[in-house]
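A.B. asks: What follows is the residue order along each chain.
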Amino acid sequence: MKGKRVLIINRGEIAIRVAKALNELGLVSVGVWTDNETEPPHLEFCQEWVRLAGSNNKETYLDIPKIMKLIDDYKIDGVHPGYGFLSENREFSEALAKKGITFIGPNPTAVYKMGAKDISKQVAKEAGVPVVPGSVGEVPTVDEAVKLGNEMGYPILLKAVAGGGGKGMRPCYSEEDVKNNFAAVQREALSSFGYAGLLVEKYILNPHHIEVQILADKKGNVYHVFERECSVQRRHQKIIEEAPSPFIGNDEALRKSICETAVKCARAVNYDSAGTVEFIMGEDKKFYFLEMNTRIQVEHPITEEITGVDLVANMIKAAFGEELDFKSQEDIKIQGHAIELRICAEDPISMLPAPGKIVGFETTFPQGIRFDHCIYPKFTITPDFDPMIGKLIARGFNRDVALRKVRNAVDGLIIDGIKTNIALHKVILDEDHFRKGNYSTNYIGTVKPQEKVAHKEDIKSFMLKVAAIELNQMGGKV
Amino acid sequence: MRYYFLNQDMKEFSLDVEIQPGKVMEFTHEGAKTKLFLKSLAGKNYYSFDGVAWKKLAALGVNEVLVSNSEVYKVYRGFKPSGLNKGGAGALVTQMPGKIVKIMKKEGDKVSKGETVLILEAMKMENEIKSGADGTVKSVNVKEGQALEAGFLMVEIEE
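As they're listed, the protein sequences go chains C and G. Count along the first sequence from 1, add 137, and you get the number used in the numbering used here. Count along the second sequence from 1, add 90, and you get the number used in the numbering used here.
Worth flagging that the hints you see were computed from the coordinates, not collected in a lab. Among these hints, one or two may not hold up.
Pulled from the structure, derived: some chain C residues nowhere near chain G, Cβ distances all over 12 Å [as the list claims (entries may be wrong)]:
1. Ile-256
2. Val-269
3. Leu-285
4. Glu-288
5. Tyr-291
6. Pro-490
7. Asp-521
8. Glu-594
9. Lys-597
10. Ile-606
Some chain G residues judged to face chain C by a derived CB distance under 7 Å, without partners named [to be verified]:
11. Gln-98
12. Lys-101
13. Leu-105
14. Pro-111
15. His-119
16. Phe-127
17. Leu-128
18. Ser-130
19. Ser-160
20. Ala-181
21. Met-213
Covered by chain C, according to a simulated footprint, are these stretches of chain G (three or more residues, beta-carbon under 8 Å) [claimed, not checked]:
22. 195-205
23. 220-231
Virtual Cβ for every residue (Gly too), placed ideally from N, Cα, C.
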């Protein structure tokens with residue numbers, strides 16, 4: 138494995154995370170630079186980089202022929218797709234397999250069976266895993282979606298077959314809603330994932346989003362690395378995740394049951410990489426298979442923090458047929474608690490993306506903070522990409538300690554020049570339901586912490602900013 | 091030195107700052123005076139409101155824009171701009187850079203308040219841009235597929 142050249146078809150914090158793991162394992166990290174990014178920070182962490190010509194995602198991160206040519210021209214042995222883009226694209230993993238290029242992810246059959254939500258549900262069902270009621274296969278027309286909605290009863294969810302990360306997904310509360318949204322979700326699916334196919338499923342109220350990390354190798358070993366709770370979401374996108382799940386709490390039987398069910402799902406597709414089995418858990422603690430993400434996930438660090446398992450490094454080792462860092466399921470244990478805040482370039486109240494240019498960036502963190510990010514002063518956040526710019530992660534001896542650390546850390550995180558959701562995170566971390574671990578995916582919609590965010594800070598914070606400007610005028614110091 | 095802050099709704103407030111000897115800034119806001127003590131140590135700046143308890147002062151890169159939670163202010167140091175006024179409810183202006191996906195209305199069409207006029211894609215999300223008023227479409231200044239900067243007047247609706 139050492140010395141192999143691995144192309145990272147991604148950007149931002151995940152490209153940095155992958156480059157670090159490749160370098161650490163003695164492989165050569167090769168980054169890409171597209172034409173619509175000025176000074177991408179991930180290149181600093183790659184040992185080499187190549188230009189990926191093109192000014193939008195379709196011409197760059199999603200352009201399979203262009204990427205295949207780079208692989209030929211620059212003698213690439215393997216590819217890490219990160220998350221999003223081509224990470225769960227069957228065509229891409231098959232094209233690589235045909236050329237004998239190592240895809241750092243699961244085998245193409247697993248991508249195919251689990252990557253497409255309609256097939257994955259069928260696979261889970263056949264493996265004896267409970268699933269949420271919904272359409273059998275793709276729903277090609279709005280009329281069929283309406284028909285299914287009327288049969289199952291509203292609310293229903295329209296979601297992209299190839300989707301993930303909350304994009305290409307909308308709840309519909311009536312026939313009217315379905316008619317209004319169908320075409321828009323199709324378009325979103327096409328522009329984000331390159332495929333417009335949609336599914337319909339029953340929308341469960343007050344659910345918990347609990348997912349299990351899987352790590353498997355090419356020798357048939359499948360392990361779970363325990364669960365994460367990702368119920369703090371807006372627009373179906375996670376903003377705070379924690380591990381282990383406070384909703385499962387001390388219920389070890391339930392923990393064992395959900396983790397072993399996840400392993401069963403992974404085994405059903407001969408899974409051989411890092412992946413995540415997502416479940417939806419009702420208030421009765423019954424859980425249903427939602428989907429399997431056949432890639433590394435944004436929130437993987439909290440699992441790494443509580444178990445000490447380096448998921449990205451092990452994923453790379455698995456892809457090259459090497460042994461994992463551990464020998465048995467019993468080697469993996471939960472120690473403490475970890476919380477992750479997604480730091481996004483967005484308005485803290487409306488939670489809408491707010492691109493712009495970062496002008497100031499400072500951190501003052503307590504002991505034990507991990508900050509995976511791609512932020513630096515003068516970094517411009519463009520509307521072409523996801524607004525997430527960093528992940529603030531704290532591990533503590535228990536949940537209270539992790540909360541204390543992450544609360545203190547977010548106070549010490551200063552990003553100037555753009556709107557960020559930092560002010561919202563502060564409100565949530567101080568809010569009673571969240572502090573007690575008593576929240577579902579409806580948290581943002583019902584508790585509405587965003588409404589407690591002050592539109593602007595107090596006058597003293599303006600004085601400090603004016604003082605900083607005046608100091609700039611004086612050459613930076615008094 | 092008087093600072094003027096103008097937010098996205100063109101609401102303004104001002105803050106006076108006077109640099110006094112002994113590394114002190116005195117601020118005046120709505121008649122109330124506040125002293126701010128400053129110190130530079132090892133390349134970092136520190137501030138104190140009482141001269142005893144100190145904290146690190148975050149460095150700011152540029153002086154033109156100031157973001158405070160949900161508000162974005164244009165900062166004017168020492169002068170106040172003139173000729174600024176806000177568009178009415180019928181002026182559909184981009185709040186962020188984006189791309190036009192679909193235009194539902196053409197010039198002369200009747201629209202009612204809350205009705206979707208066009209769809210703007212920004213950061214991979216489709217946003218329905220709705221009319222802020224009942225009226226008639228006076229002008230459509232964009233085409234489908236067009237990429238826009240923030241602050242662009244896409245459609246004007248006459249009430």
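A.B. asks: Next step is simple, just say for each hint if it's right about the structure.
C.D. replies: Hint check:
1. No beta-carbon of chain G comes within 12 Å of the beta-carbon of C/Ile-256; the shortest separation is about 25 Å.
2. At roughly 24 Å from the closest C-beta of chain G, the C-beta of C/Val-269 stays outside 12 Å, upholding its exclusion from the interface.
3. Its beta-carbon lying about 23 Å from the closest one in chain G, C/Leu-285 satisfies the requirement of being farther than 12 Å from that chain.
4. Under the 12 Å C-beta cut-off, the non-interface status given to C/Glu-288 relative to chain G holds; the minimum distance is some 27 Å.
5. Every beta carbon of chain G lies more than 12 Å from that of C/Tyr-291, the smallest distance being close to 20 Å; the non-interface claim holds.
6. With 12 Å as the threshold on Cβ separation, the claim that C/Pro-490 sits away from chain G is violated: the shortest Cβ distance comes to roughly 4 Å.
7. At roughly 8 Å from the closest C-beta of chain G, the C-beta of C/Asp-521 falls inside 12 Å, breaking its exclusion from the interface.
8. Residue-level check failed: C/Glu-594 sits 5 Å from the nearest beta carbon of chain G, not beyond 12 Å.
9. The beta carbon of C/Lys-597 is not kept farther than 12 Å from every beta carbon of chain G, the shortest such distance being approximately 7 Å.
10. Distance check for C/Ile-606 against chain G: the nearest CB is about 5 Å away, which does not clear 12 Å, and the non-interface claim fails.
11. Annotation: interface hint on G/Gln-98 violated; nearest CB of chain C at approximately 11 Å, more than 7 Å.
12. With a least beta-carbon distance of about 11 Å to chain C, the hint placing G/Lys-101 at the interface is violated under the 7 Å criterion.
13. Hint status for G/Leu-105 relative to chain C: holds, with the closest Cβ pair at about 6 Å, below 7 Å.
14. With a least beta-carbon distance of about 11 Å to chain C, the hint placing G/Pro-111 at the interface is violated under the 7 Å criterion.
15. At a threshold of 7 Å, the smallest CB-CB gap from G/His-119 to chain C is about 5 Å, leaving the interface hint in force.
16. This hint is violated: G/Phe-127 has a C-beta 9 Å from the nearest C-beta of chain C, more than the 7 Å allowed.
17. Contact between G/Leu-128 and chain C, as hinted, is supported at the beta carbon level, the nearest pair being about 5 Å apart and thus within 7 Å.
18. Look at G/Ser-130: its Cβ gets to within about 4 Å of chain C, closer than 7 Å, so that hint holds up.
19. Here the hint on G/Ser-160 is kept, as its CB sits about 4 Å from the closest CB of chain C, short of 7 Å.
20. With its C-beta approaching chain C no nearer than about 19 Å, G/Ala-181 sits outside the 7 Å limit, and its interface hint is violated.
21. Because the closest C-beta pair between G/Met-213 and chain C is about 4 Å apart, less than 7 Å, the hint holds.
22. Chain C is given as covering the stretch 195-205 of chain G, and this is violated because 0 residues of the stretch bring a CB closer than 8 Å to a CB of that chain, at least three being needed.
23. By the rule of at least three residues with a Cβ nearer than 8 Å to a Cβ of chain C, the coverage given for the stretch 220-231 of chain G is violated, with 0 such residues.
Hint check: violations occur at hints 6, 7, 8, 9, 10, 11, 12, 14, 16, 20, 22 and 23; the rest are consistent with the structure.
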